[in-house]
Amino acid sequence: MKAAKFKYIRPSSLDEAINLLSDFGEEARILAGGQSLLPTLNMRLSQPKVLIDINRLDELQGISHEGKHIRIGALTRHVDIAESDLITENIPLISEAIEYVAHVAVRNRGTFGGSVALADPAAEMPACTLALQGTLVVEGPNGRRQIRADDFFHDLYETARAPEEILVEVQLPIRRSGESFAFMELSRRKGDYAMAGLACKATFQDNRFLSVRLVYFGTELKPTLGENVMSQLEGREWSETLAEKVIASLEDDLDPVDNLQGSAAMKLHLQKVLTKRTLAEVVQRLGNV
Amino acid sequence: MKSKGAITPLDRQHSYVGRNLSRDKAKRAVNGRGRYTDDITLPRTVHAAFVRSPYAHAMITDIDVDIAKAEEGVVLVMTGAELKELCTGPWVGTLSVFPTMKTAPQYPMAVDRACWQGEPVVMVVANSRAAAEDAAELVSITYKELPVVAHKETALEKNSNLVHPDLKDNLAYEKVIDTGDVGEAFAGADHVVEATFDFGRHTAVSLEPRAILASFEKDTEELTIYTSSQTPHMFQAIIARTLGLPEHKCRVVAPFVGGSFGLKIHSFGDEFAATAASLKLGRPVKFIADRLESFLTDIHARENTVTGKMAVSSQGKIEALEIDILSGVGAYSQYPRTSVFEANQILNITGGPYKHQNYKARMRVAYMNKVPTSQYRAVGHPIGNSVGEALVDLAAEKIGMDPVEIRRRNIMEDNSYPRTTASGIEVADMSHQKCLETLVERMKYDDLVQERNSLRAEGIFRGIGIAAFIKGTAPGPAGYYGAGGAPIASQDAATVKIEPSGNIICAVGVTDQGQGVDTVMQQITAGAVGVLPEMVRVIEGDTDATPYGGGTYASRATAIGGEATYQAALALRAELLRLAGALLQREPETLDIIDGNVVDLGTENIRMPLAEIGRIGHFQVAELPNDIQPQLSHTKRFRLNDALYIFTNGIHGAYVEVDCDTGFITLLKQWVVEDCGRVINPILADEQVRGGSVQGIGGALYEHCIYDDQAQLLNGSLIDYLVPMASEMPDIDVAHVQTHTGVSELGSKGVGESGTGASPAVVMNAVNDAISPFEAKVTVQPMTPDVLLKALNRI
Amino acid sequence: MAYDFLDIKLIVNGEQVSARVPARMHLVDFLRMELELTGSHLGCEHGICGACSVRVDGVVVRGCLVLAAQCDGSDVLTIEGLSESKEVVDLQNTFVERNAMQCGFCTPGMLMTAAELLAKNDKMARNEIREFMSGNFCRCTGYHAIIDAIEITMEARREEERS
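For the record, the sequence lines run as chains A, F and X.
If you read the first sequence in numbering that gives the first Met the number 0, its first letter stands for residue 0, the second for the next number, and so on.
If you read the second sequence in numbering that gives the first Met the number 0, its first letter stands for residue 0, the second for the next number, and so on.
If you read the third sequence in numbering that gives the first Met the number 0, its first letter stands for residue 0, the second for the next number, and so on.
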């Protein structure tokens, strides 16, 4: 199927892009990597009037070390994340997770910002951004503002970004000593969106969790914190029995729905399995920190 | 027929048969020089798109095409009712070999009632595909929804909704076979095992979708069609009949075909509509199905539930087998074949490798408001083999016998042919025993068992699967397509001729979709005539240039078309030797042809290049004695006699690991040993088996057309319909046992479906072996994590 | 302002090309319909099958998920150009010898992807090759032969490097 007609424009500055977005309003869509947008256009599932191509905006490029965080420009391609030493050294969770993102041709084109802004509930990068307590920088007609990842993901494909705002960059805190991470995902085939997935950040002392953050994806409408499980882990001494015990309360954190991949019961079960495995993994890694 | 094992020209040292020869089409494909239907555009080509029914069952109460017609670039808008007027009559997808079968008549597009979601209702033709789609969105159709038949389980109940009220019920066909005394065998059996198996609907997903470019010359009433087809002559016959054209003025060309797997042997309304548009417009009309409409409108297959029961003695002797098949098909039986054929194959081949004498099978086929099902690679075999082989494993488990051992005790002996299976089919020239022992050796079965057992103790759950099979290949004229009444040739033909240059042209009715049919014919011709392979060019896929044949389906190309080629090449060889004898004043029997030269038999001293005979035979005919009229071109046909098929056999092995917490299955390795008779080109045969196996794995693990209760397809895209990709597929070890068939001199049987036919069976058996410590059983395909976790009682 | 049609200039297979394209036309339709470069195929048009893989500005992309308009100023390489460059002639020959394709419809996309694999790696485990190639669908071969062909080519290149 061929895309329905639309107009195309390629602004040469971020200001221009924001003005265009304001002018066209809901008729316009931002075209970043296009790896999620173009399929919906080619299937005529979405028929915007105008595409605003931001691919050549230099302001949105690049990965840099800025104080206590790493800044990832919204247009940074997945391939550049995967190949970045700055990321590998400072944000190991992202390095681990990026391996699960799609396939080479899509990674060459798809962008970090596009993925986070779209907020696909089964995507890896939004979950990691939430797990890492990143900060999202958006810019609109009223200027720039920062949104904490905790406040960003609202519902299915709904985020705190206003329609006339563009995601400019994501700031991810540099790993601190004592922190450990683990990432696990189940998908039927390499590169598919997750059926169930879990991104974890934890600190540990004397065999006890000081803090732990568990972000579930692939089973909910948005990347979701496992708050009940987290609170039951914090301060507790690690054991497999503890893991076994806490996963029961995952039912209070998650509310999966049946879909093409399987039943809600299966999804909850898989998240429980991943929770056990991820906790065991992160603890083992903490031993090596 | 020659006795088996006689030395033929193909067995000679100088023959190119049995060797790996690269495919010419492959050389083009790697450079992006393949020429598929969509790569061909004629002057003034316009493009078709369809408005399709969004409902599985609905009356079409009003169609308004005015706005669409007025769109820029639109040249034609045609409704189903308008197309009906251009047709000679409806299609009726029955065959006389299924005497009580019923189906509703069908036109290429819905006329006043749509019977499945995706059925074409209005065609829009415009100067680009995009413009046609734009205008299609402007067609306004009013529907009145009708009750839907969405589940085969309830379709045959008395109070069910009806797909076609005229048919009175949804039963397409019912058949029972009953041999021996099944009742007594079960009553007296030491052990009985039973289970119910469920197989999801899936579809062919050829990477190149269906495609046609139809070009009608109004002045001469000549129609040229380029289409992605396995069966150009059949397509010619059907298009001529349906649209009332003189058959000899319809040329059908199948250029490069981007995968087919049975999909492209059928008649799809879209292609007929596009051709009708060309007739009306006098312009070339192109229709290329996009992926979304492929999922909605390509034939589907495999939707069956089978209950099976096996009686076995304590010593492991299979005493009886009973199965009950409920087959869920679409709204119509797919013309010009039928949709009941799959169930019929299940009935024919289940338990086919074994010696039991008591067999009872019932098949019932139910219409539903879904896209028609029909013949997809290895029709019925994945199901029949899965059922039969799972029951054998259940029996083995029941009596505590190794799965290899129980098969060893029950498979037909290699020296016991010809014989008849319990289902009544005649089989010959098989090699179950040799295949089984070869498999055991190649798998290193005992080591594998040991490894599995020791890993099991560590909490790693691996499983070994074994699945023997028979496969009907190369159907004969006594069966479905000859006696059945369809205009489908079960014979095939080849013309082999020498050119003035001494090179050889071989034109065949069978076609190539990448299997290497052309290369196989090249090798047979080279071997039989006695020339270098590069001296042979093969022509296929063009009704203007090839003798009439059935095309390629049901693993028939080499078995049927290959024998025709062989005989035509032998006839040419005989004539060339006669001509050479006359020119050299020698007895033809004292001469031979090797690598394109006439030589002395035995010493191989070169006497004359074939180029010399080509030159004389075409130009300097006066050099020949007056009593010789050179023919230089020989056409031979080949048909089976009264055999339904040339049956092949083989056996698969698989090694899998199951993560019992997640229900994820990892395929570690697969082995296939099969017997396709004489192998013409080993690497081509191997890759048929490998590719076919992965298609079987797709059905076993991933592929599933998922419908809701309103018969709406929920996953009709490559995003949601999962096909097997490289990462998850195993390496596959392939070996061949070559028992030549006695029905031809060539001795080849079909090979194209030996992978697909038993792959789902072997994977399911391996998975069940892996999860056996949990006393769990999986009997549902595809075996998704959800299915596994339920079987394991984890959810 | 925003345009229904765009004038683009780009390099395709080493040649300068100028064209006016509809905004909605994706790159592969442009290559196939406007430039008659029919070696790039459309298998799904939603970014899954990989048959449309082409190289844009040095990296392999899904040609159906890039607009022609976006390629203004870009350097595009298709299977036709890749073949003429001889960059992977060894791989192409091995594909033929190993029969690593049947219908050939996926083959150009496979080769475009494999070209990037070979450019970036000189040693990979078999399962790593499988993973790298996992975004390209082949319905015919079952992949085994394709993986063989890539592995054989990589090994041969390593051999050549050593000698």
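Note that these hints are calculated values from the structure, not bench results.
Treat the hints with care, since some could be wrong.
[As the list claims (entries may be wrong)] Listing some non-contacts, in silico: residues in chain X with all C-beta distances to chain A over 10 Å:
1) V16
2) H45
3) R61
4) Q69
5) S84
6) D89
7) E115
8) A124
9) I151
10) A155
11) E160
[To be verified] Straight line, CA to CA, 25 Å or less: simulated DSS-like cross-link-like pairs of lysine-lysine:
12) A:K189 / F:K668
13) F:K354 / A:K4
14) F:K308 / F:K776
15) F:K167 / F:K157
16) X:K8 / F:K668
17) A:K189 / X:K85
18) A:K244 / F:K174
19) A:K4 / X:K122
20) F:K26 / F:K174
21) F:K167 / F:K217
22) X:K8 / A:K6
23) A:K189 / X:K119
24) F:K308 / F:K279
25) A:K275 / F:K496
26) F:K397 / F:K789
27) F:K279 / F:K354
28) X:K8 / F:K26
29) F:K157 / A:K189
30) F:K68 / F:K308
31) F:K101 / F:K167
32) F:K308 / F:K789
33) F:K443 / F:K433
34) A:K48 / F:K68
35) F:K316 / F:K433
36) F:K143 / F:K174
Just so you know, even glycine gets a beta-carbon here, dropped at the ideal spot from N, CA and C.
Here is how each hint holds up against the structure:
Taking the minimum C-beta to C-beta distance to chain A, about 18 Å, the non-interface status of V16 (chain X) holds against the 10 Å cut. For H45 (chain X), the non-interface assignment is contradicted: its Cβ lies about 4 Å from the closest Cβ of chain A, within the 10 Å cut-off. In this structure R61 (chain X) is not separated from chain A by more than 10 Å, as the shortest Cβ-Cβ distance comes to only about 5 Å. For Q69 (chain X), the non-interface assignment is contradicted: its Cβ lies about 6 Å from the closest Cβ of chain A, within the 10 Å cut-off.
Separation of S84 (chain X) from chain A is adequate, the least Cβ-Cβ distance of about 19 Å exceeding the 10 Å criterion. Against chain A, the non-interface label of D89 (chain X) holds: every CB pair exceeds 10 Å, the least being about 20 Å. With a minimum CB-CB distance of about 6 Å to chain A, E115 (chain X) fails to clear the 10 Å threshold, and the non-interface call is violated. The beta carbon of A124 (chain X) is kept farther than 10 Å from every beta carbon of chain A, the shortest such distance being approximately 14 Å.
Distance to chain A confirms I151 (chain X) as a non-interface residue, since its nearest Cβ pair spans about 20 Å, more than 10 Å. Here A155 (chain X) stays apart from chain A, with its beta-carbon at least about 22 Å from theirs, past the 10 Å limit. The beta carbon of E160 (chain X) is kept farther than 10 Å from every beta carbon of chain A, the shortest such distance being approximately 23 Å. The hinted pair formed by K189 (chain A) and K668 (chain F) meets the criterion: a straight-line CA distance of about 18 Å does not exceed 25 Å.
At most 25 Å may separate the alpha-carbon atoms for a hinted pair to count; K354 (chain F) and K4 (chain A) exceed this at roughly 65 Å. Taking the CA atoms of K308 (chain F) and K776 (chain F), the gap is near 15 Å; set against the 25 Å cutoff, the hint holds. Restraint check for K167 (chain F) and K157 (chain F): the C-alpha separation of about 10 Å stays at or below 25 Å, so the hint holds. Distance restraint check for K8 (chain X) and K668 (chain F): the Cα-Cα separation of roughly 50 Å exceeds the 25 Å cut-off, and the hinted pair is therefore not satisfied.
Pair hint K189 (chain A) plus K85 (chain X) does not hold up; C-alpha atoms about 31 Å apart against a cutoff of 25 Å. Annotation: proposed proximity of K244 (chain A) to K174 (chain F) is violated, straight-line Cα distance about 56 Å (limit 25 Å). A hinted pair counts as satisfied when its Cα atoms are at most 25 Å apart, and K4 (chain A) with K122 (chain X) does not qualify at roughly 46 Å. At most 25 Å may separate the alpha-carbon atoms for a hinted pair to count; K26 (chain F) and K174 (chain F) exceed this at roughly 48 Å.
Between the alpha carbons of K167 (chain F) and K217 (chain F) the distance comes to roughly 44 Å, so the proposed pair goes past 25 Å and is violated. Restraint check for K8 (chain X) and K6 (chain A): satisfied, since their Cα atoms lie roughly 18 Å apart, inside the 25 Å limit. Restraint check for K189 (chain A) and K119 (chain X): the C-alpha separation of about 20 Å stays at or below 25 Å, so the hint holds. The suggested pairing of K308 (chain F) with K279 (chain F) is violated, with an alpha-carbon distance near 57 Å, which exceeds 25 Å.
With a C-alpha separation of about 71 Å, the suggested pair K275 (chain A) and K496 (chain F) falls outside the 25 Å cut-off, and the hint is violated. A C-alpha spacing of about 23 Å is found between K397 (chain F) and K789 (chain F), which places the hinted pair at or below 25 Å, so the restraint holds. Distance restraint check for K279 (chain F) and K354 (chain F): the Cα-Cα separation of roughly 59 Å exceeds the 25 Å cut-off, and the hinted pair is therefore not satisfied. Note on K8 (chain X) and K26 (chain F): the hinted pairing is violated, with a Cα-Cα distance of about 32 Å set against a maximum of 25 Å.
Under the criterion of a C-alpha separation no larger than 25 Å, the hint pairing K157 (chain F) with K189 (chain A) is inconsistent with the structure, at around 46 Å. The straight-line distance between the Cα atoms of K68 (chain F) and K308 (chain F) is roughly 59 Å, outside the 25 Å bound, and the hint therefore fails. For a cut-off of 25 Å, the pair hint linking K101 (chain F) to K167 (chain F) stands: about 10 Å separates their Cα positions. Among the hinted pairs, K308 (chain F) with K789 (chain F) is consistent with the structure: their alpha-carbon atoms are about 23 Å apart, no more than 25 Å.
For the suggested pair K443 (chain F) and K433 (chain F), the alpha carbons sit about 15 Å apart, so the restraint of at most 25 Å is met. Taking the CA atoms of K48 (chain A) and K68 (chain F), the gap is about 23 Å. The hint holds against a cut of 25 Å. Using a Cα cut-off of 25 Å, the hinted pair K316 (chain F) and K433 (chain F) holds, with the two alpha carbons roughly 20 Å apart. Note on K143 (chain F) and K174 (chain F): the hinted pairing is violated, with a Cα-Cα distance of about 36 Å set against a maximum of 25 Å.
Checked against the numbered hints above, the structure breaks hints 2, 3, 4, 7, 13, 16, 17, 18, 19, 20, 21, 24, 25, 27, 28, 29, 30 and 36 and satisfies the rest.
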